[in-house]
Amino acid sequence: MDLAFSAEDLAFQREVREFIAANYPADIRARFDAGLEPRKEDFVRWQKILYEKGWIAPGWPKEYGGTGWTATQKYIFQEELGAANTPGIIPFGLAMVAPVIYTFGSEEQKKRFLPGILSSDVWWCQGYSEPGSGSDLASLKTKAVRQGDKYIVNGSKTWTTMAQWADWIFCLVRTDSTVKQQEGISFLLFDMKSPGVTVRPIITLEGGHEVNECFFDNVEVPVENLIGEEGMGWTYAKFLLGHERSGIAAVARSKRGIAKLKKIANAEQADGAPLIEDPDFRRKLAELEIDLTALEYTELRTLARESQGKGPGPESSILKIKGTEIQQAITEMAVEAAGYYAFAFNRRAMDGSNEPIIGPAATAFAAPSYFNMRKTSIYGGSNEIQKNIIAKMVLGL
Amino acid sequence: MDFNYSDEQKLLIDSVERFVKDDYDFDTRRAIVKSEAGFRRDLWQQFGELGWLAVPFSEEDGGLGGTPVETMIIMESFGKGLVVEPYLSTVVMAGGLLKLGGTAAQKEAILPDLMAGGLIVAVGYAEPSSRFNLADVSTTASASGDGYVLKGHKSVVLHGPMADKLIVSARTSGDRRDADGITLFLVDAGAAGVSRQDYPTVDGLRASEVILENVQVSAADIVGPLGGGLALLDQVVDEAIAAICAEAVGAMEVLHKATLEYCRTRVQFGQPIGRFQVIQHRLVDMYMAYEQAKSMAIMANLKLDAEPAERRRAVSAAKVQIGKSARFVGQQAVQLHGGMGMTDELNVGHYFKRLTMIETLFGNTDFHLKRYAA
Ligand SMILES: Cc1cc2nc3c(=O)[nH]c(=O)nc-3n(C[C@H](O)[C@H](O)[C@H](O)COP(=O)(O)OP(=O)(O)OC[C@H]3O[C@@H](n4cnc5c(N)ncnc54)[C@H](O)[C@@H]3O)c2cc1C
Numbered sequence: 097m098d099l100a101f102s103a104e105d106l107a108f109q110r111e112v113r114e115f116i117a118a119n120y121p122a123d124i125r126a127r128f129d130a131g132l133e134p135r136k137e138d139f140v141r142w143q144k145i146l147y148e149k150g151w152i153a154p155g156w157p158k159e160y161g162g163t164g165w166t167a168t169q170k171y172i173f174q175e176e177l178g179a180a181n182t183p184g185i186i187p188f189g190l191a192m193v194a195p196v197i198y199t200f201g202s203e204e205q206k207k208r209f210l211p212g213i214l215s216s217d218v219w220w221c222q223g224y225s226e227p228g229s230g231s232d233l234a235s236l237k238t239k240a241v242r243q244g245d246k247y248i249v250n251g252s253k254t255w256t257t258m259a260q261w262a263d264w265i266f267c268l269v270r271t272d273s274t275v276k277q278q279e280g281i282s283f284l285l286f287d288m289k290s291p292g293v294t295v296r297p298i299i300t301l302e303g304g305h306e307v308n309e310c311f312f313d314n315v316e317v318p319v320e321n322l323i324g325e326e327g328m329g330w331t332y333a334k335f336l337l338g339h340e341r342s343g344i345a346a347v348a349r350s351k352r353g354i355a356k357l358k359k360i361a362n363a364e365q366a367d368g369a370p371l372i373e374d375p376d377f378r379r380k381l382a383e384l385e386i387d388l389t390a391l392e393y394t395e396l397r398t399l400a401r402e403s404q405g406k407g408p409g410p411e412s413s414i415l416k417i418k419g420t421e422i423q424q425a426i427t428e429m430a431v432e433a434a435g436y437y438a439f440a441f442n443r444r445a446m447d448g449s450n451e452p453i454i455g456p457a458a459t460a461f462a463a464p465s466y467f468n469m470r471k472t473s474i475y476g477g478s479n480e481i482q483k484n485i486i487a488k489m490v491l492g493l
Numbered sequence: 012m013d014f015n016y017s018d019e020q021k022l023l024i025d026s027v028e029r030f031v032k033d034d035y036d037f038d039t040r041r042a043i044v045k046s047e048a049g050f051r052r053d054l055w056q057q058f059g060e061l062g063w064l065a066v067p068f069s070e071e072d073g074g075l076g077g078t079p080v081e082t083m084i085i086m087e088s089f090g091k092g093l094v095v096e097p098y099l100s101t102v103v104m105a106g107g108l109l110k111l112g113g114t115a116a117q118k119e120a121i122l123p124d125l126m127a128g129g130l131i132v133a134v135g136y137a138e139p140s141s142r143f144n145l146a147d148v149s150t151t152a153s154a155s156g157d158g159y160v161l162k163g164h165k166s167v168v169l170h171g172p173m174a175d176k177l178i179v180s181a182r183t184s185g186d187r188r189d190a191d192g193i194t195l196f197l198v199d200a201g202a203a204g205v206s207r208q209d210y211p212t213v214d215g216l217r218a219s220e221v222i223l224e225n226v227q228v229s230a231a232d233i234v235g236p237l238g239g240g241l242a243l244l245d246q247v248v249d250e251a252i253a254a255i256c257a258e259a260v261g262a263m264e265v266l267h268k269a270t271l272e273y274c275r276t277r278v279q280f281g282q283p284i285g286r287f288q289v290i291q292h293r294l295v296d297m298y299m300a301y302e303q304a305k306s307m308a309i310m311a312n313l314k315l316d317a318e319p320a321e322r323r324r325a326v327s328a329a330k331v332q333i334g335k336s337a338r339f340v341g342q343q344a345v346q347l348h349g350g351m352g353m354t355d356e357l358n359v360g361h362y363f364k365r366l367t368m369i370e371t372l373f374g375n376t377d378f379h380l381k382r383y384a385a
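Respectively, the protein sequence lines represent chains L and B.
Note that our numbering has the first sequence beginning at 97, numbered continuously upward.
Note that our numbering has the second sequence beginning at 12, numbered continuously upward.
Incorrect hints may have been included.
[Said to hold, decoys possible] The list that follows gives simulated cross-link-like pairs (lysine-lysine, PhoX-like), each with its CA atoms no further than 25 Å apart: (1) L:358 with B:381; (2) B:335 with L:358; (3) L:380 with B:381; (4) B:381 with L:359; (5) L:380 with B:32; (6) L:237 with L:334.
These are calculated hints, taken from the structure and not from any lab test.
Predicted model, so just to flag it, every value in this text is computed and none were measured.
Just need the whole structure built from these sequences, with the hints factored in.
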């Protein structure tokens with residue numbers, strides 16, 4: 097056993113760090129550091145920079161545009177992106193639909209869709225959840241009926257993240273209601289500009305717009321947009337769940353969150369000294385850091401198993417649960433640290449120019465971030481569902 | 012020992028609950044929160060007509076002579092409706108300060124109008140660097156002629172934007188954070204030298220940064236003893252804490268009931284999610300958190316008249332329990348509603364946000380743990 101990275105890994109880490117330092121646009125960095133509401137063009141611009149460097153798809157096989165990195169290198173890459181607070185790589189195209197396409201899609205589909213995903217010219221969204229089908233996804237009702245060389249899609253999806261920016265959607269649809277739920281589901285891709293597609297915003301409790309409702313009214317989808325076989329959609333979706341686990345623990349993001357929390361605690365005065373000097377506060381901060389360290393080493397152990405070819409198993413649900421609990425705990429403590437100025441409702445002006453921030457800049461979005469981060473224990477398979485998975489698959493209960 | 016409400020108190024509960032149910036539904040509240048003013052003056056006047064604004068004042072002062080239990084009743088019901096009108100600031104805090112420390116002339120000039128729903132008063136007790144310490148006062152009041160000149164910055168003054176008058180703490184002597192030397196002053200919101208930056212709060216209220224730049228006040232504007240304002244403020248803030256504990260209890264009751272109902276009706280995997288044992292236990296934990304909070308809110312309200320050391324311990328203990336319960340109930344209400352809990356459309360998130368800020372208001376859980384242990 098050895099905790100240190102190898103010399104090659106350290107050299108790689110330096111290379112990544114230097115690349116980010118030299119290429120992360122200052123204006124995007126300023127917006128992200130200030131915690132302003134992200135814009136589509138910021139994500140796209142940053143992703144294109146990584147694309148041009150050849151680093152946009154570390155998770156892909158080399159033949160389709162992957163990097164050929166080891167598991168450790170992928171981890172280092174994620175860490176460095178997180179540490180620099182770059183825009184998160186939007187997973188829907190690169191990490192979600194692409195692996196399904198290159199694993200189960202036809203040659204024709206690979207040629208048609210993968211380049212636009214790599215170059216970030218095509219923005220994807222994930223159409224799984226429905227009003228009546230959240231945790232119980234297999235009960236989904238959106239229907240696709242085959243008519244000649246088309247499917248006619250009717251139904252609705254909800255909580256669709258960033259659908260307002262999406263060009264394409266990958267959708268789980270029901271093509272057969274006569275068989276077992278899981279066996280009647282198919283995996284369809286379609287253009288969001290198709291006639292019959294309507295997107296309506298859902299505003300979340302802190303005031304942001306990141307999720308949407310999508311309605312499909314007789315949307316015509318060419319049959320060549322079906323992935324693999326009809327009725328196999330559930331299998332592909334499950335493959336996807338097991339596939340992309342890197343970054344699920346969000347350790348790098350949480351480290352940044354803690355750094356930000358320290359900034360708040362440095363700015364906030366308590367009895368004439370910065371709050372960060374308060375022993376009770378330090379103790380709580382230490383507990384949080386220790387929790388995060390435990391998660392980091394748990395993730396590293398998972399990674400080590402992965403690099404020995406033992407793919408991520410259900411135990412990676414631990415990473416999802418602990419990762420989100422820690423992210424939430426950090427924002428909780430940020431609200432505590434912010435004190436009275438957490439009350440101020442500072443709008444996350446898109447351009448950061450229109451309204452003055454009330455209170456210290458560091459505390460400006462403490463409360464909205466806390467409110468928003470409640471989502472992390474709900475989405476991506478709620479934490480209750482993750483515990484069900486561990487109980488069943490790991491503990492055999 | 013008696014935890015029962017009197018008949019009169021039951022009538023009060025009925026009338027406030029009826030108001031919240033009939034006249035302050037969630038859409039009404041949403042419209043108020045979005046409006047320019049951030050509150051409804053007509054409703055505030057209605058509160059006056061109903062006598063709610065006169066509840067805690069003595070009969071000599073023209074009030075109804077209510078006890079903390081009546082205030083608790085009103086605040087608990089307001090918590091159920093997330094009422095944003097300035098009851099806490101104007102009646103509990105400013106009213107409390109005037110009741111305990113006001114001169115006959117001040118009471119006469121302000122209380123009748125306040126109780127009628129006319130005059131709105133907000134209190135500035137915090138400063139950008141004071142955190143939750145009421146004694147940490149940098150705002151100065153320097154003697155000038157037969158009055159004082161105020162200079163300083165009072166931060167996050169809740170209900171500041173709608174206030175006609177302010178009561179602010181300022182230092183007439185001593186060093187920053189000295190217990191002695193703090194004096195409370197009545198200031199006209201429109202007085203020369205008073206400027207405000209108004210803003211909405213994350214929980215649907217309004218607040219102001221109040222800048223005092225050479226504001227001239229007279230000795231007749233002092234509320235309570237010269238240099239001895241802290242004890243007064245400390246007591247009234249304890250009363251305000253007891254009041255928001257009750258408000259939180261009301262909000263938690265709504266959240267718990269709504270979540271229970273949701274888990275009974277939301278079907279996943281072919282059954283109501285409330286059939287899953289993990290959800291049942293969670294709902295039980297929420298229920299216990301609510302009950303513990305309610306007990307402590309009652310305890311604190313009944314100990315407001317105790318001698319200061321006992322009162323402070325009781326109030327801090329209640330604030331700690333309410334802080335913990337409010338966080339748990341709020342977070343779990345969102346969690347068990349799944350994606351719906353994350354929406355602005357559903358009321359759940361709004362209760363969660365208010366509970367979060369109640370946890371912060373007048374000192375968060377850590378602060379009151381320390382105050383209790385001290
Ligand atoms: C911000 C955000 C972004 C999202 N983005 C997307 C997206 O881009 N695409 C997409 O398809 N979906 C998206 N989702 C949807 C997300 O996947 C669902 O919200 C999630 O699956 C939970 O479903 P639900 O909201 O219907 O809650 P429900 O499934 O109704 O669950 C309600 C509660 O019951 C619990 N519960 C349910 N079943 C069980 C059980 N068997 N045992 C114990 N507890 C249980 C849940 O944990 C939860 O606490 C997003 C959600 C959010 C909040």
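Within a Cα-Cα threshold of 25 Å, do residue 380 of chain L and residue 32 of chain B meet the stated pairing?
-> Given that 25 Å is the threshold and the Cα spacing comes to 41 Å, the pair is violated.
Would the pair residue 358 of chain L and residue 381 of chain B pass a check requiring their Cα atoms to be no farther apart than 25 Å?
-> holds (21 Å)
Does residue 237 of chain L pair with residue 334 of chain L here, judged by a C-alpha cut-off of 25 Å?
-> holds (18 Å)
Proposed proximity, residue 381 of chain B with residue 380 of chain L (alpha carbon, max 25 Å) | Cα-Cα ~14 Å, so holds.
Could you grab the alpha-carbon distance between residue 335 of chain B and residue 358 of chain L and see if it respects the 25 Å cut-off?
-> holds (23 Å)
Residue 381 of chain B and residue 359 of chain L: Cα distance at most 25 Å?
-> Answer holds: residue 381 of chain B to residue 359 of chain L is near 23 Å, not above 25 Å.
The structure does not agree with numbered hint 5 stated previously, though it agrees with all others.
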